[in-house]
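One-letter residues, chain by chain:
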Amino acid sequence: MQLTYERLLGAYRTMRMIRGFEEKLIELVNLGKMSGFLHVYLGEEAVATGVCAQLGDHDYVASTHRGHGHCIAKGVDVRGMMAELFGRSTGTCKGKGGSMHIADIDKGMLGANGIVGAGIPLATGAALTAKLKKTGGVAIAFFGDGASNQGAFHESLNLASIWKLPAVYVVENNGWGEFTPTEYVVPVKDIAERAKSYAMPAAIADGMDFFDVYAKAGEAIARARRGEGPTLLECKTYRFAGHYVGDALAYRPKDEAEKWMTERDPLRCFATRVLGEGLLSQDDLHRADGEVSRYIEEAVKAAEAAPLPEVEEVTTDVYAASPRARSPRRA
Amino acid sequence: MATPIAMPRLGMSMKEGRVVLWPVAVGGRVEKGKPVVVIESEKTDVEVEATQSGVLRHVYIAEGETVPCGTLLGALTGDVAETFDADAFRREHDRPEVVTRAPQRRVEARPSEAGVAKSNRRAVAPAARALAQQLGIDIDAIAGTGPGGRVTKEDIEAWAARRERLVPVGGGVHLEVLRSGDGPPVAMLPGFGTDVSSFAAQARALTSAYTVLGINPRGVGSSDAPGLDLYAVTNAADDVAAVCGEPTHIVGASLGAATAIELALRHPDRVKTLTLITPFVDASPRLTVVLGAWCRMAAESSAETLARVLLPWLFSERVLADATACDRIVRGLAAAAVPAATLSRAAAGLRQWSGSRQGDLARIAAPTLVVVAGADLLTANGAAVASLIPGARPVVIPDAGHAVMIEAADQVTTAILEHLR
Amino acid sequence: MSREIPTAFAIGEALRIAMESDPDVILMGEDVAGGGQRPDGTDEAGGILGTTRGLIRAFGPERVLDTPISEMALLGTAVGAAATGMRPVVELMFMDFIGVCLDPLLNQASKFRYMFGGKARLPLTVRTVTGAGMQAAAQHSQSLYWITSGIPGLKTVIPSNAGDAKGLLLSAIRCDDPVVFCEPKGILFLSSDVPEGDYEVPLGIANLVREGSDVSLVGIGATVNLALQAAAQLENEGLHADVLDLRSLQPLDEEAILTTLGKTGRLVVIDEATPRCGIASDVAALCVDQGFDLLNAPVKRVTAPFSPVPFSRVLEEAYMPSLEKVLAAVHELF
Chain D
0 MQLTYERLLG
10 AYRTMRMIRG
20 FEEKLIELVN
30 LGKMSGFLHV
40 YLGEEAVATG
50 VCAQLGDHDY
60 VASTHRGHGH
70 CIAKGVDVRG
80 MMAELFGRST
90 GTCKGKGGSM
100 HIADIDKGML
110 GANGIVGAGI
120 PLATGAALTA
130 KLKKTGGVAI
140 AFFGDGASNQ
150 GAFHESLNLA
160 SIWKLPAVYV
170 VENNGWGEFT
180 PTEYVVPVKD
190 IAERAKSYAM
200 PAAIADGMDF
210 FDVYAKAGEA
220 IARARRGEGP
230 TLLECKTYRF
240 AGHYVGDALA
250 YRPKDEAEKW
260 MTERDPLRCF
270 ATRVLGEGLL
280 SQDDLHRADG
290 EVSRYIEEAV
300 KAAEAAPLPE
310 VEEVTTDVYA
320 ASPRARSPRR
330 A
Chain S
0 MATPIAMPRL
10 GMSMKEGRVV
20 LWPVAVGGRV
30 EKGKPVVVIE
40 SEKTDVEVEA
50 TQSGVLRHVY
60 IAEGETVPCG
70 TLLGALTGDV
80 AETFDADAFR
90 REHDRPEVVT
100 RAPQRRVEAR
110 PSEAGVAKSN
120 RRAVAPAARA
130 LAQQLGIDID
140 AIAGTGPGGR
150 VTKEDIEAWA
160 ARRERLVPVG
170 GGVHLEVLRS
180 GDGPPVAMLP
190 GFGTDVSSFA
200 AQARALTSAY
210 TVLGINPRGV
220 GSSDAPGLDL
230 YAVTNAADDV
240 AAVCGEPTHI
250 VGASLGAATA
260 IELALRHPDR
270 VKTLTLITPF
280 VDASPRLTVV
290 LGAWCRMAAE
300 SSAETLARVL
310 LPWLFSERVL
320 ADATACDRIV
330 RGLAAAAVPA
340 ATLSRAAAGL
350 RQWSGSRQGD
360 LARIAAPTLV
370 VVAGADLLTA
380 NGAAVASLIP
390 GARPVVIPDA
400 GHAVMIEAAD
410 QVTTAILEHL
420 R
Chain W
0 MSREIPTAFA
10 IGEALRIAME
20 SDPDVILMGE
30 DVAGGGQRPD
40 GTDEAGGILG
50 TTRGLIRAFG
60 PERVLDTPIS
70 EMALLGTAVG
80 AAATGMRPVV
90 ELMFMDFIGV
100 CLDPLLNQAS
110 KFRYMFGGKA
120 RLPLTVRTVT
130 GAGMQAAAQH
140 SQSLYWITSG
150 IPGLKTVIPS
160 NAGDAKGLLL
170 SAIRCDDPVV
180 FCEPKGILFL
190 SSDVPEGDYE
200 VPLGIANLVR
210 EGSDVSLVGI
220 GATVNLALQA
230 AAQLENEGLH
240 ADVLDLRSLQ
250 PLDEEAILTT
260 LGKTGRLVVI
270 DEATPRCGIA
280 SDVAALCVDQ
290 GFDLLNAPVK
300 RVTAPFSPVP
310 FSRVLEEAYM
320 PSLEKVLAAV
330 HELF
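Protein chains in written order, with numbering that gives the first Met the number 0: chain D, 0 to 330; chain S, 0 to 420; chain W, 0 to 333.
Any given hint could be a false lead.
[Stated by the list, open to error] With the Cβ distance kept under 7 Å, some of the chain S side facing chain W (calculated, not the full set):
{"#": "1", "residue": "Ala122"}
{"#": "2", "residue": "Ala124"}
{"#": "3", "residue": "Arg178"}
{"#": "4", "residue": "Ser179"}
[Claimed, not checked] Covered stretches of chain W, going by a simulated chain D footprint (3 or more residues, C-beta under 8 Å):
{"#": "5", "stretch": "60-69"}
{"#": "6", "stretch": "149-156"}
{"#": "7", "stretch": "172-180"}
{"#": "8", "stretch": "209-222"}
{"#": "9", "stretch": "226-237"}
[To be verified] So, partial list: chain W residues that the calculated Cβ filter (under 7 Å) puts toward chain D:
{"#": "10", "residue": "Glu29"}
{"#": "11", "residue": "Thr83"}
{"#": "12", "residue": "Gly84"}
{"#": "13", "residue": "Met85"}
No wet-lab data here; the hints were simulated from the structure. C-beta atoms are modelled at their ideal positions from N, C-alpha and C, and glycine is treated no differently.
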């Protein structure tokens, strides 16, 4: 896909939206205004944006516990997301899902997921549907380096390979699996090497560089759409914040994080390149910054003002309507 | 616009933190992303980054103080000049978390032996309890026939069905009346310490032509047992009158005969014919002593032992010589056993009545049959009673004991049938 | 029109009808095709017990998919396909294997609708073989429907006969909720009346298969047949039994259970599964909680003992509920 002016500006807005959204969450948690387990995507914006910029509503994405970035990049309504995190009835999931379960299947977003690796088979299933129904769609599984050790990863790649499913498996290798460095738990230098066991092509992208992700993901997506089967795409990236909001990061060397944050910030890298090549102007970027900032503030205000769900909602939506089942006798 | 700086929640177990250092003085500038305050929690110093660039405008919590997570530590503003109300800002943003402590565990007292040990409470099925409550029945009055003596719903139902046979006799008292057969009514009044089952043989014979009303007196069978000092024979007669609304053939044995006599004198309109089996008007010393012992044994021994002791007082040598018959009779007597409280009250009533009606027997108008048992040890003066009642016909059954309607059932039956015709 | 056929065949019939009537229905599982690629079909296994024989030849490899032995991928992929417009029927060869792939059922399929605020549809069916009786030993003989019955968002059903199996499976496949369809070993090769054509047995409704007002025998799957045998025996003692085939474990037909308890006051539930945390305990608790004043005797649970399933025939027979155990339980109530 050609990277037009609109697409580039759109990509910048998306990354800025992710960055702003996640920073706002940290602020809200520290003020005691937001609760629950939150895992922010700071530093990894280019991966979600670079992949999802090439997807339509008929393409599917399965995500992780660190899913806000994928949701935003896939087009889930940000105001709905903010309301969901505040547990409001106007939230994407009516306040019943929370951070790790935000989903919008109509927009092709199969959900963030609280179980490490669980999204991988789900995306594989979505790819199966696309193949059987011949929709021309693809399914993307986003997951981390830690998930690449889960049985579900290996079983899914194997299955997608033998069935030649239109899937792209995007491993966001950010160097850390919760509190444990990746090099301790993964014996190969590049997770991409694992694709060989499944006779699957693989690629490695610089996850901090939107353009590299865009290009490599584009190739994998095109392959899938052509019916040539799945690809494993490893994006080397870095998690700027801790595993979850409130993680004091005592286990991670401060200078390592400093280096990534000052030298490899994906938004700064993007800005440097587009300004340098005259693709976008400083004004474009500042305007986008302002719009995004205002949008997020309004989303917070709207969420705080929105109604909480009714208590009766605890037991609704457990099943689809089943008119034939007899209701249990009341005492 | 002012930006709050709050004590962050780092890690799931953190409840409070200590302010270690404000690296920038109030009024000094700080850049977004640079440390604005250093806090310590769980032995680790953590730099908290400024979320906006600006000026440190106000410090609420000084170095060295420890506060809960969420407490407002300070405020940043864009510059020193912009308006800022420290108190209002604090009211809006200060949100110290309440530190909850785990509830105190009470030391468990050891369960007392009485509670844990086998309870003496009877087992009662919930369905039985519910039905008993619904019918207003005292469940303690009902024996259980379920496993382990459990009171079942069937037990309640059986008891209730028997209750339905109860007839009100006035004063809130109900008597059990076992009704069978079809025809003119015949009331059967049992003797001391037994119930209408003693008339089983006679009842069977009568039902083809008569309606048999077996009337258990107060405290016997399912009849009410009012808590009086004694059950007077006069009350017993009034009870029978209440049950029999019309002229009825009356058959009474022993104490039941006394009741029948009393009935004939107090309510002659109720009496069509009178049959008195082993009657008395004056209790002999032997009868009085045996009754006293009977009451004591009922309170102290089993129903079976009591029945064995009573055998020689109620039956002739001929019966006593037949072990099989004795066993059968003992089982029957034990099954018909009357509660000790009733026995005492009935005995007291009997003593009170004894000797009171000797002179009145001449007033009895109803055709009367007196069945006399030749070997009756307890009420040997049956013939004398017959002679005192005008027109009374004595029928003697030689060699039979006091419980003649059991021992010589057929003969008694025949005599009654003839008399009723 | 109906004829007597074994339960396994009735299940195969249901699958065929479901696939004929809805192009979105696909079968997935290990050996569900089991070959079937040769023109004469001689290599076709049609499942470990032959239940799905003939289906790949009728519908082709895009609708009958053999998978590797990867239960996580199998279930998880099926969940993803179900969420995106397919109506998959997955075979989990033995319910004992649920340990390998519990997450897609426990945390994904069951919870999507709820977590996503009502905006998801998971028309997934998991067929799985349960129970002992074939000397398949500890890891291939368990009745684990108590696990899935306790997960909100899942439905769990278990037929006791071939006719119900067909209709219940069709209902399960057509239901828009994820349903676990249990196939007890004890009935798979038993033949009984199965109507021809397309019909459904509703989920959530128990079936009173015999009437009597002295005692209630509540059965699950294969134990329903045991209950019927016991009821016939009890007639000789002058006792008449209601026999209730639960059919649906979640939703549980509480009304039917309380109705039969109300009629007899004495209830025995017969469950092949472990005595802990099970359906039998649920039934007993329901009776005590909502039917307390109806109880004329304790609720008896005839279950397996608290042990793994043994191999040796004599041990396995001692493990399973038996006619003697049911009669003994009934006798304790009188």
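Hint by hint, here is what the structure shows:
1. Ala122: violated (10 Å)
2. Ala124: holds (5 Å)
3. Arg178: violated (28 Å)
4. Ser179: violated (26 Å)
5. 60-69: holds (count 5)
6. 149-156: holds (count 3)
7. 172-180: Since three or more residues must qualify, the claim that chain D covers the stretch 172-180 of chain W holds, with 3 doing so at under 8 Å.
8. 209-222: With 0 residues in contact (Cβ-Cβ under 8 Å with chain D), the coverage given for the stretch 209-222 of chain W is violated.
9. 226-237: Check failed, 0 qualifying residues.
10. Glu29: violated (12 Å)
11. Thr83: holds (4 Å)
12. Gly84: At about 5 Å, which falls below the 7 Å cut-off, the nearest Cβ of chain D leaves the hint on glycine 84 of chain W intact, so it holds.
13. Met85: holds (5 Å)
The structure does not agree with the numbered hints 1, 3, 4, 8, 9, 10 stated previously, though it agrees with the rest.
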